[in-house]
Amino acid sequence: MSAKKSNSVIKKSMQNVKFRHVDELLEFLPESERELVEFLRELVYSVEPQIKEKLSFSVPFFSLRKTICFIWPASVYWGSKKTFDGVQFGFTYGVLLDDHWKYFTVGNRKQMTVRVFQKSSDVNTHIVKQLLINAVELDSIR
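With the numbering used here, the residue at position 4 of the sequence shown is 4, and numbering never jumps.
Bear in mind the hints are in silico, worked out from the structure with no lab data behind them.
Certain hints may be false.
[What the hints assert, rightly or not] Derived Cβ-Cβ restraints for the label pairs, each shown as a range:
1) D85 with F57: 12 to 20 Å
2) D23 with Q118: 31 to 39 Å
3) W78 with D23: 19 to 27 Å
4) I127 with D85: 16 to 24 Å
5) F84 with E38: 29 to 37 Å
6) E31 with L96: 29 to 37 Å
7) D85 with K18: 20 to 28 Å
8) L96 with N124: 33 to 41 Å
[Unchecked claim] Listed next, the in silico BS3-like pairs over lysine-lysine satisfying Cα-Cα at most 25 Å (straight line):
9) K110 with K129
10) K129 with K81
11) K54 with K129
12) K82 with K119
13) K54 with K110
14) K119 with K129
15) K119 with K81
16) K129 with K52
17) K102 with K66
18) K18 with K102
19) K18 with K52
Here the structure is a predicted model, which means the values were calculated and not measured.
The beta carbon of each residue, even a glycine, is placed where N, CA and C say it ideally should be.
Assemble the whole structure, with the sequences as input and the hints as a guide.
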């Protein structure tokens with residue numbers, strides 16, 4: 001964990017890595033996570049080709065007017081240690097989506113919903129695409 005000194009206060013970084021570009025992230029990831037991240041990115045773009053991808057917290061976030069979803073590989077920590085295995089896919093305003101399948105969970109969050117996948121065959125692409133369509137529609141009216 002890195003520490004930054006600012007005005008005699010030491011600030012600890014919440015992350016183990018920092019990337020400027022998605023390609024750097026993909027090169028860093030273990031093969032299983034990289035393949036899953038690439039699969040999920042393709043899924044997002046298949047629903048909305050005009051979506052913008054930006055690294056935030058060193059992971060891909062996708063937006064149109066507002067942030068819609070993100071892909072968080074376990075190898076990019078939030079904090080000082082790995083807290084899950086696989087790749088987390090999340091909707092930033094997931095509680096507003098029509099997830100009658102209960103495919104994504106809120107957990108202890110207020111608005112974000114997430115699901116962790118281990119491999120691409122774990123992803124129910126029909127449900128994820130339907131929720132992505134719903135998220136894009138919601139973004140257009142918010």
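- Task: Please write out, lowest number first, the hints stated earlier that are contradicted by the structure.
- Result: Going through the list in order, the structure violates hints 2, 5, 8, 10 and 18 and respects the others.
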